[in-house]
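Listed here are the chains, written in short residue letters.
Protein chains: 2
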Amino acid sequence: MGRPTVLLLLLTFLTPGAAIRVPPAMKALSSLRWSTSFTSRGTVAKKYSINYIEQKVNHFGFDADETFKQRYLIADEYWKKNGGSILFYTGNEGDITWFCNNTGFMWDVAAQLKAMLVFAEHRYYGESLPFGNKSFTDSRHLDFLTSEQALADFAVLIKHLKKTIPGAKNQPVIAIGGSYGGMLAAWFRMKYPHIVVGALAASAPIWHFGNLVPCGVFMEIVTKDFKRSGPNCSETIRSSWDAINRFARTGAGLRWLSESLGLCTALTNTQDVQNLKAWISETWINLAMVDYPYESDFLQPLPAWPIKVVCQYLKNPSVSDAQLLQNIFQALNVYYNYSGQANCLNISETTTSSLGTQGWSYQACTEMVMPFCTNGIDDMFEPHSWNLREFSEDCFKQWGVRPRPAWIITMYGGKNISSHTNIIFSNGELDPWSGGGVTKDITDTLVAITIPEGAHHLDLRARNAFDPTTVLLARSLEVRHMKQWIRDFYANQRKKH
Amino acid sequence: MGRPTVLLLLLTFLTPGAAIRVPPAMKALSSLRWSTSFTSRGTVAKKYSINYIEQKVNHFGFDADETFKQRYLIADEYWKKNGGSILFYTGNEGDITWFCNNTGFMWDVAAQLKAMLVFAEHRYYGESLPFGNKSFTDSRHLDFLTSEQALADFAVLIKHLKKTIPGAKNQPVIAIGGSYGGMLAAWFRMKYPHIVVGALAASAPIWHFGNLVPCGVFMEIVTKDFKRSGPNCSETIRSSWDAINRFARTGAGLRWLSESLGLCTALTNTQDVQNLKAWISETWINLAMVDYPYESDFLQPLPAWPIKVVCQYLKNPSVSDAQLLQNIFQALNVYYNYSGQANCLNISETTTSSLGTQGWSYQACTEMVMPFCTNGIDDMFEPHSWNLREFSEDCFKQWGVRPRPAWIITMYGGKNISSHTNIIFSNGELDPWSGGGVTKDITDTLVAITIPEGAHHLDLRARNAFDPTTVLLARSLEVRHMKQWIRDFYANQRKKH
Numbered sequence: 001m002g003r004p005t006v007l008l009l010l011l012t013f014l015t016p017g018a019a020i021r022v023p024p025a026m027k028a029l030s031s032l033r034w035s036t037s038f039t040s041r042g043t044v045a046k047k048y049s050i051n052y053i054e055q056k057v058n059h060f061g062f063d064a065d066e067t068f069k070q071r072y073l074i075a076d077e078y079w080k081k082n083g084g085s086i087l088f089y090t091g092n093e094g095d096i097t098w099f100c101n102n103t104g105f106m107w108d109v110a111a112q113l114k115a116m117l118v119f120a121e122h123r124y125y126g127e128s129l130p131f132g133n134k135s136f137t138d139s140r141h142l143d144f145l146t147s148e149q150a151l152a153d154f155a156v157l158i159k160h161l162k163k164t165i166p167g168a169k170n171q172p173v174i175a176i177g178g179s180y181g182g183m184l185a186a187w188f189r190m191k192y193p194h195i196v197v198g199a200l201a202a203s204a205p206i207w208h209f210g211n212l213v214p215c216g217v218f219m220e221i222v223t224k225d226f227k228r229s230g231p232n233c234s235e236t237i238r239s240s241w242d243a244i245n246r247f248a249r250t251g252a253g254l255r256w257l258s259e260s261l262g263l264c265t266a267l268t269n270t271q272d273v274q275n276l277k278a279w280i281s282e283t284w285i286n287l288a289m290v291d292y293p294y295e296s297d298f299l300q301p302l303p304a305w306p307i308k309v310v311c312q313y314l315k316n317p318s319v320s321d322a323q324l325l326q327n328i329f330q331a332l333n334v335y336y337n338y339s340g341q342a343n344c345l346n347i348s349e350t351t352t353s354s355l356g357t358q359g360w361s362y363q364a365c366t367e368m369v370m371p372f373c374t375n376g377i378d379d380m381f382e383p384h385s386w387n388l389r390e391f392s393e394d395c396f397k398q399w400g401v402r403p404r405p406a407w408i409i410t411m412y413g414g415k416n417i418s419s420h421t422n423i424i425f426s427n428g429e430l431d432p433w434s435g436g437g438v439t440k441d442i443t444d445t446l447v448a449i450t451i452p453e454g455a456h457h458l459d460l461r462a463r464n465a466f467d468p469t470t471v472l473l474a475r476s477l478e479v480r481h482m483k484q485w486i487r488d489f490y491a492n493q494r495k496k497h
Numbered sequence: 001m002g003r004p005t006v007l008l009l010l011l012t013f014l015t016p017g018a019a020i021r022v023p024p025a026m027k028a029l030s031s032l033r034w035s036t037s038f039t040s041r042g043t044v045a046k047k048y049s050i051n052y053i054e055q056k057v058n059h060f061g062f063d064a065d066e067t068f069k070q071r072y073l074i075a076d077e078y079w080k081k082n083g084g085s086i087l088f089y090t091g092n093e094g095d096i097t098w099f100c101n102n103t104g105f106m107w108d109v110a111a112q113l114k115a116m117l118v119f120a121e122h123r124y125y126g127e128s129l130p131f132g133n134k135s136f137t138d139s140r141h142l143d144f145l146t147s148e149q150a151l152a153d154f155a156v157l158i159k160h161l162k163k164t165i166p167g168a169k170n171q172p173v174i175a176i177g178g179s180y181g182g183m184l185a186a187w188f189r190m191k192y193p194h195i196v197v198g199a200l201a202a203s204a205p206i207w208h209f210g211n212l213v214p215c216g217v218f219m220e221i222v223t224k225d226f227k228r229s230g231p232n233c234s235e236t237i238r239s240s241w242d243a244i245n246r247f248a249r250t251g252a253g254l255r256w257l258s259e260s261l262g263l264c265t266a267l268t269n270t271q272d273v274q275n276l277k278a279w280i281s282e283t284w285i286n287l288a289m290v291d292y293p294y295e296s297d298f299l300q301p302l303p304a305w306p307i308k309v310v311c312q313y314l315k316n317p318s319v320s321d322a323q324l325l326q327n328i329f330q331a332l333n334v335y336y337n338y339s340g341q342a343n344c345l346n347i348s349e350t351t352t353s354s355l356g357t358q359g360w361s362y363q364a365c366t367e368m369v370m371p372f373c374t375n376g377i378d379d380m381f382e383p384h385s386w387n388l389r390e391f392s393e394d395c396f397k398q399w400g401v402r403p404r405p406a407w408i409i410t411m412y413g414g415k416n417i418s419s420h421t422n423i424i425f426s427n428g429e430l431d432p433w434s435g436g437g438v439t440k441d442i443t444d445t446l447v448a449i450t451i452p453e454g455a456h457h458l459d460l461r462a463r464n465a466f467d468p469t470t471v472l473l474a475r476s477l478e479v480r481h482m483k484q485w486i487r488d489f490y491a492n493q494r495k496k497h
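First to last, the protein sequences are chains A and B.
Quick note on the UniProt record's numbering: the first sequence kicks off at 1 and runs consecutively.
Quick note on the UniProt record's numbering: the second sequence kicks off at 1 and runs consecutively.
Derived by calculation from the structure, the hints in this document are not laboratory data.
One or more hints might be untrue.
Unchecked claim - Computed list of lysine-lysine pairs in DSS-like fashion (alpha-carbon distance at most 27 Å, straight line): (1) A:Lys415 x B:Lys159; (2) B:Lys159 x A:Lys440; (3) A:Lys114 x A:Lys440; (4) B:Lys308 x A:Lys440; (5) A:Lys415 x B:Lys315.
Throw the hints in and build the complete structure from the sequences for me.
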């Protein structure tokens, strides 16, 4: 595959957070292990139990009857058996403890909703590997990594919890998720409305498939974020690609690039240069996703409004190539070396290891076929068109499978979802994923909440003194809807008896 | 497995009909073959095209990328591109041409709904065999025989039709099915509401799973049908089992049984006697399903109200064993030899070969786990309890798979389906499957229609001069709902533009 597709294959969702987790306390409590974790502020303890459920590897076939252990976390400090609720995080492409620690919103609202918090790990991520360390060896072992299987896991898990936890049986369950997890939350409500009374789908680009939205919308929003964060910022980045290309023509230029940037491994050929540009592009993308209004320590520590900080180095697109690239490199250091502790930069890494990049790469090659493109005009990147045929070839080479780009729309309805109810779609306008999200109300009970100053699911993060008013408003609307769903559930239950 | 379970394993749905199909006319018309068939009355011609679509063998996994040809029939004589609709029969466990010819209701309403009729064959039945004649060889080849895969086939097919048939794109599709096909129609609307605007689920026992209804309800309704059809009728049948058992104790008794009944193969051992009783039980069950108010020629020709005819032979439970059994055998002959052409009776057959008994046996052993039981008191059968463990063992022996009795409820919601809309559940009160059906309105748009004089989906059959008023009323209500769905669809469409 040409680099553009590789670049886009690497594109995974990010669910940045502000928590550092200390090792589990390992205090045995019945059959559960308890794990305590602390946020970076060191003050709010998150206490949850770590649990496992045996799940069928294949819910949709009976030939293989194997099971695997799916991990899930439960926090019930604020749960009330009388009139309470269950908030169920539909885990996405990563370690569930990481999502648990980075979805402070659920912890913040637990008391007022008298809610038990459940965080369910997505199969093939974290510890929930259907075939252990063989899970990614080939397409046969990967055959059960689909959104449908993940939703079935969630459904089976909730039925299990209701059956086994005294007091849980007659309580409403609300699905909550962000990013791909937000898509899962929405789809879970659509497909299993008998199991969850509603869903909060934060930053869920459920329309980033097929022709539902233009393929360029994602990178245009990334570009806008840089444009608004400093004069000439996006123009400087747009100019940088040709500057790199010009340096890359000679061995001396490659050496200069490697040294100026402090790369761990020197660039030696054209492919390396393509990788460098892909890595830089992903950095800008990641910054757009985590452009939060306060200091956060996702992956590497970042300052508040990190794009503004980055853009301070990117004010002039008209300087010499060398000067421009040195400015770019300083900007990159904001993302990769804010703490000043990196000795060199590794262009094969952009995100936390808590995210399962292998798994997501497979999912992107099968069901989650999201078209991306750039034209260099409406965005600040080198032009790349979306080429499904090439993408398919690359997927076949990498995983031995071919994408089915129409399937997700057939399965989950595309834009034709108005017959469903009780789903909140929240999106931050700074978040490039909002381009594929639902940003207008569809019906009275399929509502869109937009957060002008929000990046990738800011609303799901723990409350913060620097939260903009718009995210406070969004959260309070979300809680209002959830309370309504809970009231409706109990009212219906009373009607039955 | 003990016979009771075998008996129940054999229990398949029946979709009896009144049509004799002449061989296809084979007149080529573009790429379609046209097939013309005639009802028994010889007057109403059914003209449809036979078509095939390439479907993924596995919609829910990407390792195997094979496809197979799914057959579907289209009749568009009454279809209008302007303001029309598409009635989509969600094929069940048999040859789709048989269902097509036995769902006269769709043909009868096509003109007033300006409807295209589509009949989609269920995978693993009729010609739609994913692995040709290897489809049933082992659990590996059978792994893709599930309701979820079948629904996915339907969804993909409808998307394909809308894309390829000019004028179909912006038309509402209504799912229609009877029996297991009715379950599929209801589930299709629940899971793919973006693809069908509503569903008519006729005689669909969607609650005949787990503990949703008592396991004895089915056989109780069979018994009631015989009780109401003649004095002492059900009591006579109840007495017959012990009479058979007493005869079966000796070789002479076995010979007498075999000869008196005119069996093709003589009974020689206890297992044969169990098989005989299972076969007789199934005959009574089948009669309860096809107890139609007019002469019909399903399997074997049957008189109007066949149970009444049968019961004329079963008026006295207190005669000698020999006399009682001779009466039973005369009654059986109503079902097996109404035309007088059978030379002997074969106890390994009870239903038309158009039904795929192998496929249904596998489905009953995996997803479609329907508990049945008898107690000999509330019903006229020998007592048999429902034994899941034993059932599971037998399934494993027969197919190498084990049933997952909770799965269907987890997947499709059990009794908790009130968030769905636009489904008509119709049931005949004579139909034993009505015990597992929805017979009371759930909401304004999830409505139940009951037909007091109706057997198994009488409403889906072609109109007949002897139709009781209640089925005429049911059909007119069904049409009224369907017209409303169509109107709503077009009103919404206008609103969008």
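ask   = Is the straight-line distance between the alpha-carbon of Lys159 (chain B) and that of Lys440 (chain A) 27 Å or less?
value = Satisfied, since the Cα-Cα distance of roughly 26 Å is no more than 27 Å.
query = Does the alpha-carbon distance linking Lys114 (chain A) and Lys440 (chain A) stay inside the 27 Å limit?
reply = violated (30 Å)
request  = Measure nothing beyond the straight line between the CA atoms of Lys415 (chain A) and Lys159 (chain B); if it is 27 Å or shorter, mark the hint as holding.
outcome  = holds (14 Å)
message = Need the status of pair Lys415 (chain A), Lys315 (chain B): alpha-carbon distance at most 27 Å?
response = Answer violated: Lys415 (chain A) to Lys315 (chain B) is near 63 Å, above 27 Å.
request  = Take a quick look at whether Lys308 (chain B) and Lys440 (chain A) sit within 27 Å of each other, Cα to Cα.
outcome  = violated (62 Å)
Of the hints listed earlier, those the structure fails to meet are numbers 3, 4 and 5, in rising order.
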